[in-house]
Every structure is written in C-alpha cells, then in structure tokens.
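Chemist: As a plain string of letters, each chain reads:
2 protein chains.
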Amino acid sequence: MIPFNEPYITGKEVHYIYSAVATGKISGNGKYTKLCQQYFEERWGFRKTLLTTSCTDALEMCALLLDIQSGDEVIMPSFTFVSTALAFVRQGAKIVFVDSRTDHPGIDESQIEPLITDKTKAIVVVHYAGISCDMDTVMEIATRHDLFVVEDAAQAIDSYYQPKNSEPRALGSIGHLGCFSFHETKNIQSGEGGLLAINDERFLKRAEIIWEKGTNRAEFFRGEVNKYNWVDTGSSFLPSEITAAFLWAQLEELDKIQQRRKEIWNLYFNDLQQFADKTSILLPSIPDYATNNGHAFYLVCQSLDARATLIKHLKSNEIASVFHYLSLHKSPYYELKHDGRELPLSDNYADCLLRLPLFNNLKNETIHLICRLISNKLLL
Amino acid sequence: MIPFNEPYITGKEVHYIYSAVATGKISGNGKYTKLCQQYFEERWGFRKTLLTTSCTDALEMCALLLDIQSGDEVIMPSFTFVSTALAFVRQGAKIVFVDSRTDHPGIDESQIEPLITDKTKAIVVVHYAGISCDMDTVMEIATRHDLFVVEDAAQAIDSYYQPKNSEPRALGSIGHLGCFSFHETKNIQSGEGGLLAINDERFLKRAEIIWEKGTNRAEFFRGEVNKYNWVDTGSSFLPSEITAAFLWAQLEELDKIQQRRKEIWNLYFNDLQQFADKTSILLPSIPDYATNNGHAFYLVCQSLDARATLIKHLKSNEIASVFHYLSLHKSPYYELKHDGRELPLSDNYADCLLRLPLFNNLKNETIHLICRLISNKLLL
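Protein sequences appear in the order of chains D and F. Residue numbers for the first sequence, in the numbering used here: 119 to 498. Residue numbers for the second sequence, in the numbering used here: 119 to 498.
No lab work stands behind these hints, which were simulated from the structure alone. Note that the coordinates shown come from a computational prediction; the quantities given were computed from them, not determined experimentally. Please note that a few of the clues may not be correct.
Note that the list lumps identical chains together, so a pair holds whenever it fits in one copy or between two copies.
Said to hold, decoys possible - Derived DSBU-like pairs: lysine-lysine, alpha-carbon spacing no greater than 30 angstroms straight-line:
| hint | residue 1 | residue 2 |
| --- | --- | --- |
| 1 | K149 | K130 |
| 2 | K455 | K239 |
| 3 | K430 | K143 |
| 4 | K380 | K143 |
| 5 | K323 | K455 |
| 6 | K430 | K345 |
| 7 | K345 | K212 |
| 8 | K396 | K495 |
| 9 | K433 | K143 |
| 10 | K433 | K345 |
| 11 | K481 | K143 |
Let's have the full structure, built from the sequences with the hints guiding it.
Modeler: See below:
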C-alpha cells in the first residue's frame, strides 16, 4: 500500500537529540530551540519566533495575546482544521465563518468586510495547501477596521505572497502574528510541533511570558528582574530540546525537501493536466500572487459520490488518497452557534476535495501510475 | 560545579526514537504512547491515562473536564508551581489559596473546609516533593460537599498514600483526576512531558476528545462513528511518539532510578540528622501515611538571610542549591485577586526552603561533602 504520507527523516535527527542530551538540558528553550528560532527569523524575516508543542498551541498563544474575551468575534474560513477555530473559542470567541473561494479552498476575501461588526477583533486567514491568501486585500481591510490579522500558516512554511512588481514576503510574516505546524504530515516536521511568529512589536514581551506559563522567567535569566514570578496568563507552550533537536535536522535539509516536494507536485499536475479538461475534475489553481511550496496536491471531484468512487478505485490499487476538512460551521460543536449563513463552497470542498500521496520518498513511477489510474477511471 | 539537577538518561531513549521513526508514525497516540499509558495503568492502577506535552497541559485538561466556568472557585495550596493555579485561572476560576502545614509544605488539610462556598467546584492538592497529602481527609471533605479532587502529582510518580492497616494507593489514583510531570527535573522524564490519570469513569470518553483537539478522532479510528468531527472543546494535548519513545526508555529503568534516588535521599537525611538538632535547620518530615519517592531533598532554614548565606557558602564550594516556589497568593498576577488572608507558612517555605542536588549520577562522596559543608557552616 502506498501511504498518503510518510514522514521524511534526514537521518541526523537522532544525532542532534544525542547532542541535546549531552548538554544536560533537554527541557524547553535550550540550544536547539534557539538555533531553530534564529533560523526562522533570519530566513523568513519574522520579527521574533517561539517554538510551540503544536500549531494549535501557537494559535492559542495568538488568542491570549489578542486578549480575546467572551463575545469577541473572530472571522475565519469554515474550511479549515478544528484548531483554527478551537484556539479562539477556548477564550470565548464567537467565530464568524466565511466561505471559500471558487478557484481555491482559501477564504473568500471579498466576503470578509460585510461580516465585520463592532465586536470583531481579528481576521484569521488560512493559507490552504501552502497557497497564499490575497494578503494585501486582507491587510487593507484589517487596517481600515483596526483589526488584528493572524495567519494560520500551518501548511505554508517557505511559501510566499508576491503580487506583481513586489518583493516576495514569506507567509506568516505579513499578519500581526503567524502560526506554523511541524506535525508529521507537514513539509518539515518533528512528529508534533509548531511555531508562533510575532511580527508586531507590541506582542514581543508578552509572548515570551505567555510561552513560559505566565512567568517572567526569560527576563529573570537575562538578569532584567531579580525574581521569577507569576505575572500573566499563559501555558506551557514550549517543546523540549528533544523536539527542537529533531526539527533542527529537518531545517538543515529544507531546500532539498522543498525541491523534491515541488517536483512531485509538478509531476502530478503535468500528468493530470493532459486529460483534466476531458473530465469533471478540477486541478489546483495557484493565484498569480502566490507561490507553491509543494505541501499538498489535491483534486476537486464533481461530487461526494465521484470522490468516493475514486478513493475506492485507488485503494483497490493499493494507493491511499484522503479527503480533508468538514465545514466547521456544520460541525456538531458549532452548528447551533453558527449564524445560519450557507457556505456552499466550503461544503463543496468538504465533499469533493481529494488529496493524493505526497512525500519525499514517493517514486516518480508511482506518481505516473497514480495519474494513469485516475485517468483510466475518469475517462471511462 | 555540582549542578542541582542532571537529567538521567538510560541510553535506550534514542534507540526507541529510531524505532518510532521506523514505524512511519511519529505524531501522537502511536505505539509508544500506548505502551507508556498501559504501563502507568497497570502498575499504579489508574483507570485510564493520557500522555500530555506537560503537567500544565494535564492540569488544563482537568479544568476543561471539570467544566470550570468564570467565577467557579478552586481550592489549592499557595506554595506550588504557577501551573497548578494557571490551568484553572485560564478557564475563569477564582483561586482560593490555602496555607501549608507546619511539618510539611503540602496543603493544610484542616483549613480546607471553612473555605468551601457554594461556588467551590474542586480541591487541588499538591504532593510536594512526592510526599502524600492526607488523602482520606481530603476525599472525605470533597465527598461531603460534592466537590472534585485533582491531585497535582507532578513530583509524585511511584509514591503512595498508605494509612495504618490500609493497602498502599498510588498518588494520582485517589482523586477524580491526577496529573504528573516528566520535566527534566523529575524522577522519570522526557525533557518536557506530562500525564493525565483519569480515575472517575465519568470523564473517560470526554478526556479522549479534549485530548485530540475536541474531535472524536479516537472513536472514528475505532470505527464507532463514521466521520471524524469537531464535537467539544479541547486542545492539542498529546505529545509526539518521539517524546513517548524517550519516556518509554525511562519507564523501563524506573525501579533502578527510584532505588538510587531514595538512597541519595537517605544519605542526606542520615548525615544531616546527626547535627540538625544542634542547629536551626529543619529536615523534611514524612507523615506516617506517606511514602518517600526520593524526588527532592530539602532543608528549611531559619530565615531568608540564613538561606542566602547557606546558598552562598555552598556556591563558593561549587555546589548548586536552589530555593523553590514563591507564594502564589502574593504573585504580581494574583495578589490583588487574592482575598487578603495571610498564609504565613507558605511564605515561610518560600523564604526558607532550600533544595540540595539530587540526581542519579550524584556520587556518595559528594553527598557527604555537601552535608559536611552545611554542618561546618551551621555549627559555627
């Protein structure tokens, strides 16, 4: 069976874990945490970064930093992972869900502004499959209404927003805050893991405190205060050095990983493009202003049934393919809290989007085989 | 310099991490997570356990499971780590702090009952230094007032409550819920890490959901539901298999680790006992109903100044010794929210308690040296 995902291992992860153990300090915020954070900041221009135990935790840090209170409204797409919403709901937010775009599962930027009320506090965009939302439009709306923007860049490491005649800007560096995932299904990974990118100066000091259980431990170790005390809300958001050492090995091979993932993506696209217009499937569309980081390759089938048929066909040929999110506005937990607006495109992606295997060790011939299997089925 | 702590490594941690990587599944809830959880349940009789990324996270799971709402009151000692309180404060709880015991830094059980109001929802006890609180007394109060009991057993792995003529019961298995830490400073460790023990049947199903981001993923994979959906609050509380594999290696050597730690504790106690009554220092006192898991060895000095002098003396001889908590009711974050009661014993432990180095590779001759250094200073 060809799996949907196979976590890529560089081989050096365990070497760095040994090295972390040798430092005698394997709880959080040690040598490898600092190395990783410095890498992120220097390579992608985040003002400051903090490793977290998951992207969920990075999103929770955003909710705490934005001081989300009961009744505050947060605007985000419905077609996203539970954590995007849950992190804000835990602080009492009411989620105002937005539909997806016709050409892309990301948030329909044109639907955001009419949903803003005097209770709106933030817009959370999700760069689905690592493909950028239209960030100039989003930031312009946010500025006009004095709102914060959080980028859920869980899938979007090393991907960029680059409108015509502009310098590319790394996803996660444009909003006030950005969040990344290093779950085993991501381009670079540490089993479970995440990162908060803090781009707005106002959050720098408090982020460090919230990260370390609401204490001013970091200031204490820098000698800026003479006692380490409970000064704010927070949690234990920081991962161990074991996790950070693992991630460091992945970062060292980032370029190699990215190159191969994009190659695979292009192989799928080129193969499938040859017959896609003779069938009802849609291939991913990448807006002019977005780059592709090879995170995910997906098709959009004509219906739930068509997708089920294709999944079954691939499975009978020992190929795993998987659907993705269910619309959050229709989830058992949120359906009754949702304001009742229909979000048909989100529902359509929930029913019809199908992801194909994409991991570094996937062989070219397997990719061609998968494409042939799909075309055989769809052209029948 | 002799450090205060040196994380113990069995040598097999990295072997198991390799093995986890080979399974192709290194995100949470895989083979090693299940092995660890099964070990905890079988060895100490917890009804069900879930690994978490930290003890803070296990405590947060308790706050969510107990459905703590704004204004609910939670009773706990003031002399504890920030997380004990923070996890409940994040859900809106008002913390009602209790003083420590004269003979022990743990909660003074006799002061709990007068603090119960109709808003009280839970009592959180902390087994300081792995030494049990008087659990029969606590559970009896809780039952009478229909309150939940959470055991913060962060330091209390493999320690027991054993009143006269009773079977020993593992700490963390007595309250409705129990929480453990595997921070590098703990007896067994994974850099950062924790565990939730669920002893009350009513929490079993929901704990699993809260653990996995409020989704019914576990039920889905067991085939009990046919969609995996957002059904409740929660967070990403589960650690990676990398962390679980590391912890598994530690668990395999638990008995050896515990034996050595208790040996060290006894060496300190026997050496210091010979002169303690000629000085003003107090040695740890272990109640009849409690066992000792060798987690920490501490002295209680006569004053803040006496402690500072002793720390300095030891430091000049290249020995690290460290104080512990500041009273949470006096912390910058909670002082104004506290009801104003004085908690003098908590303050006294904050000012006067001093912990000596205690880790598996600490040599016997170093322990004797430390004791001689202390006696030389105090008998002057």
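Chemist: Evaluate each hint against the coordinates.
Modeler: Hint check:
Taking the shortest alpha-carbon separations for K149 and K130, both the intra-copy value of 16 angstroms and the inter-copy value of 22 angstroms come in at or below 30 angstroms. Taking CA atoms no more than 30 angstroms apart as the test, K455 paired with K239 passes in both settings, with 18 angstroms inside one copy and 27 angstroms between copies. Taking the shortest alpha-carbon separations for K430 and K143, only the inter-copy value of 23 angstroms comes in at or below 30 angstroms, while the best intra-copy value is 49 angstroms. Taking identical chains as interchangeable, the C-alpha atoms of K380 and K143 lie at most 30 angstroms apart only when they sit on different chains, with a minimum of 23 angstroms there against 37 angstroms within one chain.
In the homo-oligomer, the alpha carbons of K323 and K455 lie at most 30 angstroms apart only across protomers (23 angstroms), although the nearest pairing inside one protomer, at 34 angstroms, exceeds that limit. Taking identical chains as interchangeable, the C-alpha atoms of K430 and K345 lie at most 30 angstroms apart only when they sit on different chains, with a minimum of 17 angstroms there against 61 angstroms within one chain. For a Cα distance limit of 30 angstroms, the shortest separation of K345 from K212 across copies, 24 angstroms, qualifies, whereas the shortest one inside one copy, 38 angstroms, does not. In the homo-oligomer, the alpha carbons of K396 and K495 lie at most 30 angstroms apart inside one protomer (12 angstroms), although the nearest pairing across protomers, at 89 angstroms, exceeds that limit.
Proximity of K433 and K143 under a CA criterion of 30 angstroms is satisfied inter-copy only: 20 angstroms between copies versus 46 angstroms inside one chain copy. In the homo-oligomer, the alpha carbons of K433 and K345 lie at most 30 angstroms apart only across protomers (19 angstroms), although the nearest pairing inside one protomer, at 60 angstroms, exceeds that limit. Taking the shortest alpha-carbon separations for K481 and K143, only the inter-copy value of 20 angstroms comes in at or below 30 angstroms, while the best intra-copy value is 40 angstroms.
Violated hints are absent here; each numbered hint is respected by the structure.
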